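J.: Here is how the chains run, residue by residue.
2 protein chains.
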Amino acid sequence: MIKSLIFSFSLFFLVSCQNKPVLKSITVNNAEELHQSIKKAKAGDIIILKNGIWKDVEIKFRGQGTLENPITLKAETAGKVSIEGVSYLKFGGQYLVVDGLHFKNGYSPSSAVVDFKISDEEIASNCKLTNCVIEDFNKLKRDNSDLWVNFWGRHNELSNCYIAGKTNRGPTVRVNLEGIASINNYHQVINNHFGPRPVKGGPSGETIQLGNSYTSMAPSYTMVANNLFEACNGEVEIISSKTNFNEFRNNVFYKSEGSLVTRHGNYCTIDGNYFIGDGVNKNYGGIRIINTGHWVTNNYFFNLKGTSFRSPLAVMNGIPKSPQNRYNQVTDVVVAYNTYVNCASPWQFGVGTNIAQANVLPKSEIRSARAVRTTVANNIIYNEKGLNKIVVENDKADGVLFKNNIADNQGVAFNDFNGGIKAAALGLKKVSENIFLPTGLPDDVEVFSAFGFNKIDKDLFGKSRKNSKTIGATLSSDITNPNILDKSKYGTSWYSNVVDAKAPTKHQVNKAEELQNKIHAASQGDIITLNEGIYSVNQSLIINKTITIQAQEGKKVEINFSGTSDKPLFALHPKGRLTVNNLTLKGNKKNYAFASLKENMSNHFGLTVSNINISDFNYVLKVYKESFAERISFLNTNISNCENGIELSEEINDKGDYNTEYLTVDSCLFNNVKANVIDYYRGGYDESTIGGNLLVKQNTFINCGAKEKNKMLLNHRGIVNVNITKNTFKNNAIEFVAILWGAKNNIESANKFTNSGSIKTEENLKMKLMY
Amino acid sequence: MIKSLIFSFSLFFLVSCQNKPVLKSITVNNAEELHQSIKKAKAGDIIILKNGIWKDVEIKFRGQGTLENPITLKAETAGKVSIEGVSYLKFGGQYLVVDGLHFKNGYSPSSAVVDFKISDEEIASNCKLTNCVIEDFNKLKRDNSDLWVNFWGRHNELSNCYIAGKTNRGPTVRVNLEGIASINNYHQVINNHFGPRPVKGGPSGETIQLGNSYTSMAPSYTMVANNLFEACNGEVEIISSKTNFNEFRNNVFYKSEGSLVTRHGNYCTIDGNYFIGDGVNKNYGGIRIINTGHWVTNNYFFNLKGTSFRSPLAVMNGIPKSPQNRYNQVTDVVVAYNTYVNCASPWQFGVGTNIAQANVLPKSEIRSARAVRTTVANNIIYNEKGLNKIVVENDKADGVLFKNNIADNQGVAFNDFNGGIKAAALGLKKVSENIFLPTGLPDDVEVFSAFGFNKIDKDLFGKSRKNSKTIGATLSSDITNPNILDKSKYGTSWYSNVVDAKAPTKHQVNKAEELQNKIHAASQGDIITLNEGIYSVNQSLIINKTITIQAQEGKKVEINFSGTSDKPLFALHPKGRLTVNNLTLKGNKKNYAFASLKENMSNHFGLTVSNINISDFNYVLKVYKESFAERISFLNTNISNCENGIELSEEINDKGDYNTEYLTVDSCLFNNVKANVIDYYRGGYDESTIGGNLLVKQNTFINCGAKEKNKMLLNHRGIVNVNITKNTFKNNAIEFVAILWGAKNNIESANKFTNSGSIKTEENLKMKLMY
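Those protein sequences? They're chains L and G, same order as listed. Each residue of the first sequence is one higher than the one before, starting from 1 at the first, in the working numbering. Each residue of the second sequence is one higher than the one before, starting from 772 at the first, in the working numbering.
What the hints contain is simulated information worked out from the structure, not anything from laboratory work. This one's a predicted model, so the numbers in the text were calculated from it and none came from an experiment. A hint or two may mislead.
With a cut-off of at most 30 Å between alpha-carbon atoms, the simulated BS3-like pairs for lysine-lysine come out as follows [stated by the list, open to error]:
#	chain 1	residue 1	chain 2	residue 2
1	L	Lys744	G	Lys1226
2	L	Lys466	G	Lys813
3	G	Lys1167	L	Lys42
4	G	Lys1226	L	Lys321
5	G	Lys1134	L	Lys768
6	L	Lys363	G	Lys1226
7	G	Lys813	L	Lys396
8	G	Lys831	L	Lys321
9	G	Lys1226	L	Lys42
10	G	Lys1092	L	Lys768
11	L	Lys555	L	Lys506
12	G	Lys1092	L	Lys744
13	G	Lys813	L	Lys455
14	L	Lys363	G	Lys813
15	G	Lys1134	L	Lys363
16	G	Lys813	L	Lys655
17	G	Lys1092	L	Lys363
18	L	Lys506	L	Lys469
19	G	Lys1237	L	Lys363
20	G	Lys1134	L	Lys766
Okay, the calculated bits of chain G under chain L, using three or more residues with CB under 8 Å as the criterion [as the list claims (entries may be wrong)]:
#	stretch
21	951-965
22	1058-1067
23	1331-1342
24	1393-1407
For each label pair, taking beta carbons as the anchor points, the in silico distance ranges come out as [unchecked claim]:
#	chain 1	residue 1	chain 2	residue 2	range
25	L	Asn184	G	Ser796	46 to 54 Å
26	L	Thr470	G	Lys1134	51 to 59 Å
27	L	Asn184	G	Asn915	41 to 49 Å
28	G	Ala1514	L	Glu762	49 to 57 Å
C-beta atoms are modelled at their ideal positions from N, C-alpha and C, and glycine is treated no differently.
Throw the hints in and build the complete structure from the sequences for me.
T.: Take a look at the structure:
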């Protein structure tokens, strides 16, 4: 049956001396009208989506616009059209523009939210997504991979968009180069605001990925410029450049836990970017270099405390004759005219060297090829506290030419690499909160020049270097504040991610029946306080927001949970970030205290357990596969008479994934927890996932592990950072308290063992190769 | 002491409206004058080398010319200045031209004869070697590698040169891309005549190599155009392209045993070339494709009988995640508008698949990745004898799109790949001896088009394809003979490699004392006939030219050699190609019948032994390391009572080298040869050296091998082509007559064994990996 469609047509007749065609503007009210309008659209047409929620809409935007007369699909009011539910947008054709849409409360049923192709035969060129927001548009399961913006074809553009909140597998934005039609693409990713992307807990959480190792020979020429990256923490690579001739210009990387990485491909230009840290967080990175021919110029690095992979400049060792998907040697790289202020380890070379692991890794994994034909020149380093080393050589930097660099290291001596790094006493001038520029260069500063250096003809602020004899990212420190963090300069015209701080509302609960309703009614961040008494609960309490549940200090609150087998007292749903404080929780030996969803954990959760007595559960915490919490903490808590303890060990397909970034167990007592006392797993050999983090501190473990099959109390195989300190282990019927991974950051100290086995270190754990 | 130099100055004062500087022309008489002149040379200067032989001259040509006013170094008369002895030419600077020199009778003491750099700091750009000849300028030892023209820098040129006769290790011409100054080089290799390069007998005998695997990511943009390649037989790759964006246009590959190979690197253009065979020789190849993004268009293939690696189009399988120096998968390749006439196997896919060898090779050597995203369209195939297969699938061609190709297969049915190759009855028009063009395409021929096809805008002859609806390399067969083999179109203005055929002179010899003198006096190709009698020789006879030594039929001539231990009767020197016929040769049990030089075998030798009785030598033939013969044949010859037989087994460093291309032993009798009866060795796993060739046919072996330590009569480990047929083996005290290499072309048939062990086949010989 064919519905008779009522379209609202608005026709504008334009007269022009250039013989432009008549422009037609059509407002559509639903998916069917939209599809019909797209079908009829001609160059110059504008299709307007009526304001409101568009649910479960699969838009295949195909058409043939022209440079002068594109076909435009736009929101009636920018930001007032939301695309929700099971939806996507695909471009096919040329000169198509999409403007003003808000993707939220949903996910794509396909491999991308926005795709620049409809099929291999319908690939977009000269198309543009602009002034749109994509927010929390996650697939239901973390392992279900997708892209949010998926480039194909040539000359397409992502501009002035705000994109944030991706938690599932897959880069946020990817450029694909398979096929002749998608090389030499000259795509533009410009003026966007990439908002927070939470830690993913494993690989494949890049914000931008340009190509992949299999297309790493392709000429890409993608431009990534003038974007703000804010808290893009998905994984170690914020931008993973895997093709040739890409350019990264004038971007701001602000408190983002990762680096701009030239992972594959060659001849990239990284010019005029800001990398801003907070002086504390060691996960904020800079630029990590692999492969050939990159130019790193005019960049500014401030307050970055990262080292090794996360150094402001991390030049990796390659694998001789590297397999296509591994690490090529660094050659012919130039690092010139950059400024590093208060960075913990400005320059590292030989990063990733793993010669010591030759006995557990195949030869094709050994990164022993040092950088060659590489020049580091005309850079300035300023450290308010002198460093022992300006250059950290994980492997010798003997293939690197250091020339005419200057460092103010507060008089602390350093290896100057044959005079290539000269000590000087500089000043520091504040330009803004995050920009401090060195001043007072010596009058006799020399500028190094070599083949191609004449092309570095502007400074960080775009000022001509002609006739100028100076080094560092800026010609001068006499500049007005460039306001790099003014968010109005990035993203859409209509959306801001700035949220006003709000004091939490407090809710009082007197009886068990009220509990779930109060939780439902509470707002993000609220606090629910239980009055003294015993609460009998037989249904799981659903936690799907940030909330605190507590008793007042000195008050005794006990929750007895009679839910059936394998049900949790607290069901941690997506976005459920629970803090419990000062409670007693009792189970029936079969059910659980806390658990994530068994599936469809489409967003992260969180858990802080403090001052709690927990007893008689099957599991204290059960975290299911594809669930992830940025932090899980057990503090000052007693756990007793439970079958199992804290379990986060279902990511067993060894792809580098794990279930929480930080697991902290501090000042707790474990008594008669029979198995899985702490069980936290990450599998797969992957040198670039550098989590999770386990801190086990000042706890007492008594009579635990009796049913632990592997005779180990604390299981944390594959976790990169482990610290077991100041604990007391007593009468635990196990063989080992833990086995530490010596080659990684696994340490123990000041633990006491009584009839409880011991802690052993294995230097190199054998892991499944992921690549 | 400073010599006072007498220069002959010729000053030309030119008046020009463009304010050109005064041009200065200087004639120099010796190396010292030359060096002084170079030191003083300014833009526009011309340095003239006086005619004659310049011996042991190391020319470092440094200077700063300009586009309008280069500095020129030229022969007084082009071709009358020969550079001989231990000499080289190095360019350093810009806009330098060398014109008219003849490099011969010598070799370079450095890594190149002509080098486009003096040091890493003095690299040439915009320099040119033109109108020169480099001939037989070989290092003394085959393993001593060098280049004859070694490109560095940018915009350099090799034009109108004749280059031939390289026998030592190393490509004739190489383009290097290490270092920023040598990428994006746009070098021109144009209008040259690459004359014969003999088979090298192992790898590293390319005529042109562009980069290497370690710089295979570099953009090169080298142009190789309008060259004639004649008998460039050095190894399987005539041109080995190992970088990106190279162009091969309008070259003629004439009877050259090898292929144009895109060995590493990507995005090459191979357009408008001729590949001409003789209808017989299976070693003349075409284009072998590895890697991504190549366009093979408008090429003409005639009379090529090569298959597999040597097919006119050989598309290789790649290694998944290939190591950098091995085989990347073929992707995004276009083969369009080519014409194939009378080729034995026009198109092969999955070439080099070696999945069957998975148990002897590491995973990183297994070529299992088939071509993908590859298009074969608008080509014409004409076969005067129908082929069973137009497309040979060594592995499935399921990633290849065949579209609008036409084949006249004389009515023989073939797999048409879903209609992608249509059968048609065509005509064939003779344009010249080596160009026959199909005619009579069906009226309804369709032309396939896809992304990028619009750039194929000209045909083989440069005619515009605009408004034309036809397929194949040429728009029409109505063309005049393009005279592609007119040698005056290539190479220098003054040199021709055409030699008039000359009948051999016959020399008579009556006594032993005359023998060496007569050989010395004889010309290339002459015949020396010994009168009947017994010749007692006590010094080795030096053979350093092509010569025949014989007795007349029916006459009995016996040469008794009393030379000392390990001296040969016939000492085969460089270029010594000896035929002996109808003689009896006797040794003293300690000396040798034939041997190459122990070292400094700076050019190839050859040996044909027919109708000879050989007895009482230590070795019949001893070929030393780094010696090479294109052919060695023993025919109708009796060999008896020798300690050792035919030995060519010193290339034991397993780099793929061997000592003769063809070893033929036919209708001979071996009696009481104690060891090394036939010993012919090639070592190292190298899929692309596809020699040597051993034929052992119709021989009788009696009482041989008694002292053979490995208990094998015929040792030919590593030789790719072996045929042992119709022999009789009787009472040989060995275990195996031979062990055949099943995976290669090793066969045996119709042999008779009596008390002589047997022949065994091993499918996969374990070999040392070379790469």
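J.: For every hint, state whether the structure bears it out.
T.: Now for the hints, and whether the structure bears them out:
With a CA separation close to 54 Å, the supplied pair L:Lys744 and G:Lys1226 exceeds the 30 Å bound. A C-alpha spacing of about 29 Å is found between L:Lys466 and G:Lys813, which places the hinted pair at or below 30 Å, so the restraint holds. Using a Cα cut-off of 30 Å, the hinted pair G:Lys1167 and L:Lys42 is violated, with the two alpha carbons roughly 43 Å apart. Pair hint G:Lys1226 plus L:Lys321 does not hold up; C-alpha atoms about 35 Å apart against a cutoff of 30 Å.
Annotation: proposed proximity of G:Lys1134 to L:Lys768 holds, straight-line Cα distance about 16 Å (limit 30 Å). With a CA separation close to 44 Å, the supplied pair L:Lys363 and G:Lys1226 exceeds the 30 Å bound. A threshold of 30 Å between alpha carbons decides the hint, and for G:Lys813 with L:Lys396 the separation of about 43 Å lies outside it, so the pair is violated. Using a Cα cut-off of 30 Å, the hinted pair G:Lys831 and L:Lys321 is violated, with the two alpha carbons roughly 35 Å apart.
Between G:Lys1226 and L:Lys42 the alpha-carbon distance is near 28 Å, which keeps this suggested pair within the 30 Å criterion. Distance restraint check for G:Lys1092 and L:Lys768: the Cα-Cα separation of roughly 17 Å lies within the 30 Å cut-off, and the hinted pair is therefore satisfied. For the proposed pair L:Lys555 and L:Lys506, the alpha carbon gap of about 17 Å is at most 30 Å, so the pair holds. Our distance criterion of 30 Å between C-alpha atoms is met by G:Lys1092 and L:Lys744, whose separation comes to about 27 Å.
A threshold of 30 Å between alpha carbons decides the hint, and for G:Lys813 with L:Lys455 the separation of about 28 Å falls inside it, so the pair holds. The suggested pairing of L:Lys363 with G:Lys813 is violated, with an alpha-carbon distance near 54 Å, which exceeds 30 Å. Pair hint G:Lys1134 plus L:Lys363 holds up; C-alpha atoms about 12 Å apart against a cutoff of 30 Å. Annotation: proposed proximity of G:Lys813 to L:Lys655 is violated, straight-line Cα distance about 65 Å (limit 30 Å).
Between the alpha carbons of G:Lys1092 and L:Lys363 the distance comes to roughly 15 Å, so the proposed pair stays at or under 30 Å and holds. A hinted pair counts as satisfied when its Cα atoms are at most 30 Å apart, and L:Lys506 with L:Lys469 does not qualify at roughly 62 Å. Using a Cα cut-off of 30 Å, the hinted pair G:Lys1237 and L:Lys363 is violated, with the two alpha carbons roughly 54 Å apart. Straight-line distance between C-alpha atoms of G:Lys1134 and L:Lys766 comes to about 20 Å, which keeps the hinted pair within the 30 Å bound.
Only when three residues or more bring their CB closer than 8 Å to a CB of chain L does the claim for the stretch 951-965 of chain G stand; here the count is 3, and the claim holds. Only residues whose C-beta sits within less than 8 Å of a C-beta in chain L count toward coverage, and the stretch 1058-1067 of chain G has 3 of them, enough to reach three; the restraint holds. For the stretch 1331-1342 of chain G, the stated coverage by chain L is not satisfied: 0 residues place a CB nearer than 8 Å to a CB of that chain, which falls below the threshold of 3. Using a Cβ-Cβ cut-off of 8 Å, 0 residues of the stretch 1393-1407 of chain G lie near chain L, which falls short of the minimum of three, so the contact claim is violated.
Judged by the Cβ atoms, the range 46 to 54 Å given for L:Asn184 and G:Ser796 holds: they are separated by roughly 48 Å. The given range of 51 to 59 Å is respected by L:Thr470 and G:Lys1134, whose C-beta atoms sit roughly 53 Å from each other. The supplied range of 41 to 49 Å is met by L:Asn184 and G:Asn915, whose beta-carbon atoms lie about 43 Å from each other. Between G:Ala1514 and L:Glu762 the beta carbons are some 42 Å apart, a value that contradicts the proposed interval 49 to 57 Å.
When each numbered hint is compared with the structure, violations occur for hints 1, 3, 4, 6, 7, 8, 14, 16, 18, 19, 23, 24, 28.
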